[in-house]
Each structure stands twice: as structure tokens, then as C-alpha cells.
Amino acid sequence: MVTQEKENHLKGKPLVSIVSAGLSRFGKLEGLYAREIFAQAAEEAFNRCPNLDPKKDIKMLFVGHMGESYEHQGHTGATVADWAGLLHIPATRTETACASSGAALRAGVFAVLSGMCDVVMVGGVEKMTHRTTPEVTEYLAMASDFPFEQWHGITFPGLYALMATAHMHKYGTTEEHLAMVAVKNHHNGFLNPKAHMQREVTLEQALSSRVIAWPLKLYDCSLITDGASCLIITKPEIAKKYTDMPIQVIGSGQASDSIGIYERESLTSLIAAKIAARQAYEMAEVGPEDVDVAEVHDCFTIAEIIAYEDLGLCKPGEGGGFVESGKTRLNGKLPVNTSGGLKSKGHPVGATGTAQAYEIYLQLTEQAEKRQVKDARIGLAHNVGGSGATATVHIFRRE
Amino acid sequence: MLAALVQQPQFTFSGGNRVSEQTPFTIEQFYKYIGQGKLMGGKCKKCGKIHLPPRPLCDKCFSKEFEWTQIKPKGKLVTYTIIHVAPPQFQQMAPYAVGIVQLENGLKIPGMIKEVAMEQIKVGMELTIAFDSTTDSQWPQWPRYYFKPA
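Residue numbers (this note's numbering), protein chains in the order written: chain A, 349 to 747; chain B, 4 to 153.
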């Protein structure tokens with residue numbers, strides 16, 4: 349397993365500070381190109397931070413973006429830097445499937461910690477809704493193994509369905525447990541003015557929706573969404589120059605796993621997420637019991653249940669009971685996916701990691717309005733790439 | 004974690020088909036064997052780990068010395084799903100069942116489950132691997148295997 353010896357000197361210390369954040373509207377953004385959607389997010393981040401001179405201060409951009417197929421457009425770093433008004437700064441795309449902008453945030457942390465850049469923009473973008481569902485299904489499947497999974501007709505929902513069947517068989521998790529995740533996250537998304545699907549769903553609606561990959565039904569799946577997100581991060585010592593309310597990143601973890609889920613020892617847990625979580629907790633010197641609010645990667649409802657377990661929020665196998673207990677509701681002890689999650693806010697894959705961090709930023713700076721968690725001090729974001737071959741976990745603290 | 008992967012093979016393949024030491028330990032070659040009705044893995048000569056699919060570099064001991072080993076195409080279903088929404092190339096077949104089978108040597112392999120009513124598919128059921136030698140016209144032109152009741 350991965351050791352933490354090298355990072356010991358970072359323990360308990362702020363790695364970087366977030367001084368601003370931006371999020372485009374999430375949804376079906378007809379007629380807009382990815383670069384234009386990213387500009388919406390960048391504009392919000394600039395407007396939130398009047399002390400920042402973007403052209404002068406921002407020294408580097410990392411942008412998460414998964415697929416060239418959607419718009420026949422690669423080379424996303426330079427493209428979005430230009431459209432954000434940051435022409436000529438170094439701009440690099442990070443790609444780890446659905447964890448692409450979790451990886452962008454982590455790359456930004458490295459850039460600042462290295463001393464080479466004091467202020468960095470990190471973000472992500474994806475434009476998906478102009479494609480048909482079978483096309484999107486095909487593009488998303490590219491994040492899974494081709495020769496043994498895609499080649500045999502296993503789709504992306506299919507991979508999580510395989511995990512769901514295994515979890516149900518091993519632990520007695522039910523289709524109702526899965527539906528409870530959808531109901532909870534749709535309630536939160538209903539309160540989020542930027543969410544794609546601002547609509548409540550009932551347990552019955554979720555359970556009776558059409559099957560996508562049994563046992564996963566339509567309401568077990570996240571949405572095909574257009575959107576962009578970004579953060580402005582700085583060296584902690586200079587954060588107050590830009591804002592009175594900086595949020596510190598105090599833990600950062602990332603790990604990988606076999607691309608094919610069939611090669612993994614466990615089909616009911618994502619080892620990469622467990623490793624990334626342990627790294628982040630150790631670096632932050634906090635434990636699962638300290639987390640006040642979390643955004644977890646609910647690309648499918650089963651993924652949120654597995655996330656509870658992998659993050660140590662509950663014991664292995666108890667994720668179904670954990671959602672049923674109500675602890676992760678907005679008024680619960682540990683609200684999870686207050687934004688609505690990928691389920692209701694939407695999942696523009698490249699944008700998701702920093703969109704999760706955006707929600708934590710709002711929560712820790714008490715700007716989350718109707719979905720504000722009272723006295724939230726420690727937040728966590730859990731971003732998974734594909735079917736778990738990449739995971740990033742970040743821990744945030746109110747200064 | 005890797006203990007299950009280093010069990011002994013059923014037998015080492017070395018027969019009429021003249022499998023030479025030079026045969027590349029690649030996914031392409033794995034599928035060529037599938038076309039011949041054989042489930043073949045690459046066994047590391049140094050540490051004994053069997054790779055399914057084969058790899059050019061042992062991920063356990065970094066050896067590059069392998070031999071082909073034929074794997075008994077039988078096992079138990081460890082999980083499954085019924086795909087209703089499929090990518091374009093599989094749309095005509097939907098709904099169809101796919102699953103992961105744990106072979107008798109402990110290795111796991113995914114694939115379609117055919118020749119059984121979907122409501123009869125159960126975790127733990129015994130399946131064998133069947134071989135379909137037809138190939139697509141486009142890349143990668145690999146034949147496919149699938150699972151059917153034992």
C-alpha cells in the first residue's frame with residue numbers, strides 16, 4: 349500500500365487556500381460550446397473576488413475534461429484558458445475520466461506547493477447533451493476497459509450494476525436503499541438553483557422508473573449534463589489578500605486501480621477511493637467523525653452507498669442502512685451531497701470534481717442558502733474516475 | 004490480495020498447435036486463441052502468477068518470461084446485470100445479460116451470459132465458457148466468448 353512518509357511534513361497544515369469559486373448553470377445548455385460554458389464559471393469566480401487581477405495574478409490553469417468525442421475538440425487547456433481571458437498562461441488538461449477535475453485540483457495543489465505558482469485556476473468542463481443517449485453511453489464507456497468490458501457489451505451503468513448486484517448479494521442491500529439515495533439527492537437538488545433537475549422524486553417514482561442496467565433504473569443514474577466549474581487557489585499565506593473568507597485544502601489523496609473491475613479483489617468497494625481517503629485523512633489529521641458535510645461521487649446510487657463505506661462514514665456493508673437512517677439528509681448528522689449530487693445537480697463529467705469542491709466552498713463560507721449546513725467547518729469531496737480506476741479525495745477546512 | 008491469482012494452472016499447453024516461446028503474450032493473441040476455442044492465460048515462469056489477460060510484464064515480479072497455460076473454461080457467476088440501454092453496436096441485442104465469472108483457478112473474467120432465461124440467472128450458478136468464432140468486419144476483429152449454463 350501507499351505510504352505517507354514523504355507527506356509527513358504537510359500533516360495538519362493547509363496545502364492551499366481557495367479564495368474564489370465559480371460554477372456555470374448545470375443542465376441542457378443548448379447552443380453553447382464547452383469553452384463558452386467554462387467562461388461562465390470563470391466569470392463567477394472573478395466576480396466573487398474583486399481583489400484578484402486575473403490576467404496578472406493567475407499563473408497556471410489545470411482543467412479537467414474527459415472526452416474529445418462530444419465536440420470533436422481536444423486540447424482543452426489552451427482552449428478554455430483563452431475563453432476565460434487568460435491567453436498565454438500555461439494551461440494543461442487533466443484526464444482521469446469522471447475524476448478529471450479532482451485531478452486538476454490536485455495538480456493545482458502541486459503547482460502551488462512547489463513554489464512555482466502563487467495563484468492557480470483549477471476547474472473542469474464537459475458538454476454532453478447535444479449527443480444521443482447511445483452516443484453518450486459509448487463515450488462514457490471509454491473510461492472502462494475496452495478488450496474485456498466494452499467488447500462484451502458492458503456499459504458504464506452496467507459496471508455499477510455489477511457492483512450493485514454483488515453488494516445486494518453480500519450485504520442484503522435493497523433496491524429501496526438505492527432509491528433512497530435518489531430521493532435524498534433530488535430533494536437537495538430541488539433547493540439548488542444551479543442544479544440540472546430541480547425536482548423532488550418519490551421512492552415510488554424512483555423504484556418504478558425504467559430499467560437501464562438491472563438493478564439500476566433511470567433514477568439510480570446521474571444525469572447527462574452540460575456544465576463547468578472552477579476554483580481559484582493560492583498559497584495559504586497570501587489568501588487574505590484576496591478574500592476575508594478563504595477555505596483551506598488540508599488533505600489531498602489520489603490512487604488508481606485495475607481498469608477492469610473483474611481484475612479487482614472486491615466488487616463491493618473501490619480500493620482506490622479507500623486509499624485516497626486514508627491519504628487525505630492522514631494529511632489533514634482528521635477522521636471521518638470530524639466531517640461536517642461531504643460531496644461524494646454518486647454517479648449511480650450504489651456508488652454513494654459504497655462511498656459511505658469506503659470513506660469510513662459507516663462500516664462496510666452498512667451503507668444501505670446508513671442512507672435509510674436519515675443521517676446523510678440535509679438535516680441529518682452528516683449531510684451528503686447537499687448540492688443534489690451528480691444525481692440531481694448533474695454530472696458533466698470533467699466538471700464534477702471541482703463542482704463538488706465548489707459546493708463545499710459555499711457550505712464552509714455559509715453561502716449555500718436554502719441548503720446551508722449549520723456550523724460546517726470540515727468538508728470532504730470524493731471524486732471517482734470511471735468505475736473506480738481513479739479516485740481523489742480532498743478535505744477542506746474553514747479558516 | 005494476489006493469492007487467488009497464483010494457483011496452479013489446469014495444465015500447461017504445449018501440443019499440436021505448436022505454441023512457441025515467441026508467441027507474444029498479448030490481448031490480441033488471447034483472442035486468437037479464443038477463435039480456436041481455447042481460454043489461454045500467460046503464466047509467469049519466475050513467480051508462477053497466471054495473467055488473464057496475458058501481459059508482457061509480470062505485475063508481481065516484473066519478469067518478462069511467460070508460458071501459455073490453458074485454463075479450464077468453467078466457473079461460478081459472482082455478479083451479473085441485465086443491460087437495457089446499450090451502446091449503438093449492441094442495441095439490437097438489448098436487453099442482454101452480462102456477468103463476471105470466477106474460474107476454478109480463482110481468476111475472474113467478464114462476458115455475456117447466453118442460452119439461459121434471464122430470470123433463471125442467479126449469483127453462484129455454474130457456467131462454462133462457449134466460443135464464438137465469428138468476427139466483426141471492423142477493428143479489432145476479435146472473436147468473442149460467452150458464458151452459458153454448465
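Please keep in mind that the hints were generated in silico from the structure rather than gathered at the bench.
Keep in mind that the hints are not guaranteed to be accurate.
Once the Cα atoms are required to be at most 27 Å apart in a straight line, the calculated DSSO-like pairs of lysine-lysine come out as [to be verified]:
1) A:Lys518 to B:Lys117
2) B:Lys151 to A:Lys518
3) B:Lys79 to B:Lys67
4) A:Lys518 to B:Lys41
Derived DEER-like restraints, expressed as beta-carbon distance ranges [said to hold, decoys possible]:
5) A:Lys361 to B:Asp135: 23 to 33 Å
6) A:Glu391 to B:Val126: 45 to 55 Å
7) A:Met490 to B:Pro98: 47 to 57 Å
8) B:Phe65 to A:Glu717: 50 to 60 Å
9) A:Leu435 to B:Pro98: 48 to 58 Å
10) A:Lys588 to B:Gly51: 56 to 66 Å
Glycine included, each C-beta is placed from N, C-alpha and C at the ideal position.
Right, here's what the structure says about each hint:
1. This hinted pair checks out: A:Lys518 and B:Lys117 have alpha carbons roughly 24 Å apart, not beyond 27 Å.
2. Distance restraint check for B:Lys151 and A:Lys518: the Cα-Cα separation of roughly 23 Å lies within the 27 Å cut-off, and the hinted pair is therefore satisfied.
3. A distance of roughly 31 Å separates the Cα atoms of B:Lys79 and B:Lys67; the hinted pair therefore is violated under the 27 Å criterion.
4. A distance of roughly 32 Å separates the Cα atoms of A:Lys518 and B:Lys41; the hinted pair therefore is violated under the 27 Å criterion.
5. One distance hint, 23 to 33 Å for the beta-carbon pair A:Lys361 and B:Asp135, is violated here, with the actual separation near 58 Å.
6. A C-beta distance of roughly 51 Å is found between A:Glu391 and B:Val126, which places it inside the suggested range of 45 to 55 Å.
7. For the pair A:Met490 and B:Pro98, the beta carbons lie near 22 Å from each other, so the given range of 47 to 57 Å is not met.
8. Evaluation of the 50 to 60 Å hint for B:Phe65 and A:Glu717 yields a pass: the beta carbon distance comes to about 54 Å.
9. A beta carbon spacing of about 50 Å between A:Leu435 and B:Pro98 agrees with the range 48 to 58 Å that was offered as a hint.
10. Between A:Lys588 and B:Gly51 the CB atoms are about 59 Å apart, so this pair conforms to the stated range of 56 to 66 Å.
Violated hints, in rising order: 3, 4, 5 and 7; the structure is consistent with all others.
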